[in-house]
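The task is simple: from the sequences and hints, build the whole structure.
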Amino acid sequence: MRSKAMIREMRGAYAFVERNINLIKRYWGWEVVWLIYSLTNALAITYIGNGMSAITGQVIDTQAVVKYLLVGALIWQYLSVIFYAISEMIAWERWEGTIEYTFMAPVSRPTHLVGTTLFAIGYGVVRTLVILVIVSAFFQLDLSNANILGAVLMLLAGSVSFVGLGIWAAVLPLLYPERGAQMTNAVAAILLLISGVYYPIETLPQWLHPIARMSPATYVIEGMRSCLLDGLGTRALLPTIGVLIGIGLIVIAIGLAIFGRVEMYAKRAGRLKRSG
Amino acid sequence: MSALALEVERVRKTFTRKERVPRPNGKRGLFKQLKKEQVVALKDIDLQVPKGEAFGVLGPNGSGKSTLIRLASTLLLPDSGSLRIFGHDVEHDATAVKRLINRVSVDAAFFKKFSPIENLMYAARLYGMPASEAKPKMRAIMSRLGLKESTFTQPMEHMSRGMQQKVAVARGFLTSPILLLLDEPTTGLDPHSKRDVQAFIREIREQHNATVLLTTHDMEEADRLCDRIAIIDDGHIVALDTPKELKALIPTTNGDKPTMEDVFIALTGRTFEDAEAEKEEVAGA
Numbered sequence: 001m002r003s004k005a006m007i008r009e010m011r012g013a014y015a016f017v018e019r020n021i022n023l024i025k026r027y028w029g030w031e032v033v034w035l036i037y038s039l040t041n042a043l044a045i046t047y048i049g050n051g052m053s054a055i056t057g058q059v060i061d062t063q064a065v066v067k068y069l070l071v072g073a074l075i076w077q078y079l080s081v082i083f084y085a086i087s088e089m090i091a092w093e094r095w096e097g098t099i100e101y102t103f104m105a106p107v108s109r110p111t112h113l114v115g116t117t118l119f120a121i122g123y124g125v126v127r128t129l130v131i132l133v134i135v136s137a138f139f140q141l142d143l144s145n146a147n148i149l150g151a152v153l154m155l156l157a158g159s160v161s162f163v164g165l166g167i168w169a170a171v172l173p174l175l176y177p178e179r180g181a182q183m184t185n186a187v188a189a190i191l192l193l194i195s196g197v198y199y200p201i202e203t204l205p206q207w208l209h210p211i212a213r214m215s216p217a218t219y220v221i222e223g224m225r226s227c228l229l230d231g232l233g234t235r236a237l238l239p240t241i242g243v244l245i246g247i248g249l250i251v252i253a254i255g256l257a258i259f260g261r262v263e264m265y266a267k268r269a270g271r272l273k274r275s276g
Numbered sequence: 001m002s003a004l005a006l007e008v009e010r011v012r013k014t015f016t017r018k019e020r021v022p023r024p025n026g027k028r029g030l031f032k033q034l035k036k037e038q039v040v041a042l043k044d045i046d047l048q049v050p051k052g053e054a055f056g057v058l059g060p061n062g063s064g065k066s067t068l069i070r071l072a073s074t075l076l077l078p079d080s081g082s083l084r085i086f087g088h089d090v091e092h093d094a095t096a097v098k099r100l101i102n103r104v105s106v107d108a109a110f111f112k113k114f115s116p117i118e119n120l121m122y123a124a125r126l127y128g129m130p131a132s133e134a135k136p137k138m139r140a141i142m143s144r145l146g147l148k149e150s151t152f153t154q155p156m157e158h159m160s161r162g163m164q165q166k167v168a169v170a171r172g173f174l175t176s177p178i179l180l181l182l183d184e185p186t187t188g189l190d191p192h193s194k195r196d197v198q199a200f201i202r203e204i205r206e207q208h209n210a211t212v213l214l215t216t217h218d219m220e221e222a223d224r225l226c227d228r229i230a231i232i233d234d235g236h237i238v239a240l241d242t243p244k245e246l247k248a249l250i251p252t253t254n255g256d257k258p259t260m261e262d263v264f265i266a267l268t269g270r271t272f273e274d275a276e277a278e279k280e281e282v283a284g285a
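Going down the list, the sequences are from chains A and B. Once you know that position 8 of the first sequence is 8 in my numbering, the rest is easy, because the numbers rise by one and skip nothing. Once you know that position 137 of the second sequence is 137 in my numbering, the rest is easy, because the numbers rise by one and skip nothing.
Just so you know, these hints were derived from the structure itself, not from any lab. Computed from a prediction, not measured in an experiment: that's the story for all the values here. Heads up, the beta-carbon is just placed ideally off N, CA and C, and yes, glycines get one too. Check the hints yourself; a few may be wrong.
List of simulated lysine to aspartate or glutamate pairs, EDC-like, C-alpha gap at most 20 Å [unchecked claim]:
1. K273/A <-> E245/B
2. K25/A <-> E157/B
3. K113/B <-> E9/A
4. K273/A <-> D227/B
5. K113/B <-> E18/A
6. K135/B <-> E18/A
7. K273/A <-> E19/B
8. K273/A <-> E91/B
9. K36/B <-> D61/A
10. K273/A <-> E37/B
11. K135/B <-> E263/A
12. K273/A <-> E184/B
13. K112/B <-> E96/A
Coverage of chain B stretches by chain A, computed from C-beta distances (three or more under 8 Å per stretch; other residues unrestricted) [what the hints assert, rightly or not]:
14. 96-108
15. 111-123
16. 128-134
17. 182-192
Here is the structure:
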């Protein structure tokens, strides 16, 4: 009986994976545009490092700056894909008008989330690898000293937190049918500002430091730089990975609780109806 | 399992509508001023639908029909009162309810760039159906509804409204629900498509002994498909009986048999058009 229920939930989770793959196939033109945007963005930011000596008129280790910026750009690229894929789990249904049918189906919200997360991680990894390969052709990247295993572990641990943040953001399209999806951009922008993606968080005003330390992205990016640029050993990364998983589980638990309450509110107020 | 497919006890549902209010002296401000207004969609409704019955809810637009269907679909929660589907409370036992029901609504909502097969496969997986069972079943239902094989893999956005609605009907029946919630399933269809869908509903009822809750403002459809009909107006049930008994409320005039519309006029003193116009006036006031 329990295994039957488990199989049913797995099918439910796979529904979201397959649906999202179908969306990529059907909107492939948009995928190409989005990929070009992400790629040029990563290149533009990384070229700032290349031009540092010319900008300041001083001798600067541009290789170090390029690598610093490139790691930030790639990791942010991956994390934001996870964040948007999760936060759009409601937005897509709003755009297409199918939200009532999905919410009426006997599939639990955690199952909904598992399916969306599986897709998001797979999609994020593939996309980031494509960008990495193309960007590598523009810059000399020496990763011979890198701890790849540690980087992968760090990235997976960071994904947990971003799944949680994505759930928080997914609440917005549920609450605000017309503008909720756009509001998630503000959440992503704040994370980008405070998490030390392109600069050390110490360069931020003092009052922002404690807030930066609350962002899981800060730990992921610091950890990734330590792995990829300094070759920090996996054992030394374990405390950071532990912190990230801890933050991630707390963020997911709170996110699911908030989502559950907002879903009940939406059903009470009749907010599922409008397609937005 | 309860012998009653649907039990509605003193259900009340109110919506809050926000309206923009003009500022005094026609002044313009940075923020718009909003006035909240309470709109009562259902006013302490009581209803019981036994298993296997086709129950119609007949009323003009804005009378509360769709609100009732949405409440039974777990998409809305009542302000007070309770709804039970085969003994399961829609608010507290929603997952059990969801396994027993499916719904076809007037708006055929789909991923428009997906094909019917892709859309129906998504629905089937959400209900835990294996692909090996879902694929032949969805093809059989769509063929039965008169859709050509060649359309099964075409994007939905290229299909006519009637064809899309047939795919919506197929989605509703695919999971073999024992309570089917049909919210104006034939509205906007051409007469031929309407007949196809109505014949399919009758066929499914005969074959699977499914219970049907059908909302419509098509008097003829309610008469043709339903064992009993509740006439709803402004959130109240004003009459509930078999089509024959309802029509018996009205005397035959000049040898013409009364229609359901005659019944509605006799009970409310208004035509459907009058009732809808009044509702629009209230909304616009």
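Right, here's what the structure says about each hint:
1. K273/A <-> E245/B: violated (36 Å)
2. K25/A <-> E157/B: holds (15 Å)
3. K113/B <-> E9/A: Roughly 26 Å between the alpha carbons, so the hint for K113/B and E9/A is violated.
4. K273/A <-> D227/B: violated (30 Å)
5. K113/B <-> E18/A: OK: K113/B and E18/A at ~14 Å, within 20 Å.
6. K135/B <-> E18/A: holds (15 Å)
7. K273/A <-> E19/B: holds (18 Å)
8. K273/A <-> E91/B: Roughly 18 Å separates the two Cα atoms, so the pair holds.
9. K36/B <-> D61/A: violated (62 Å)
10. K273/A <-> E37/B: holds (18 Å)
11. K135/B <-> E263/A: violated (32 Å)
12. K273/A <-> E184/B: holds (16 Å)
13. K112/B <-> E96/A: holds (7 Å)
14. 96-108: holds (count 7)
15. 111-123: holds (count 8)
16. 128-134: With 3 residues in contact (Cβ-Cβ under 8 Å with chain A), the coverage given for the stretch 128-134 of chain B holds.
17. 182-192: violated (count 0)
Going down the numbered hints, you'll see the structure goes against 1, 3, 4, 9, 11, 17, while the others check out.
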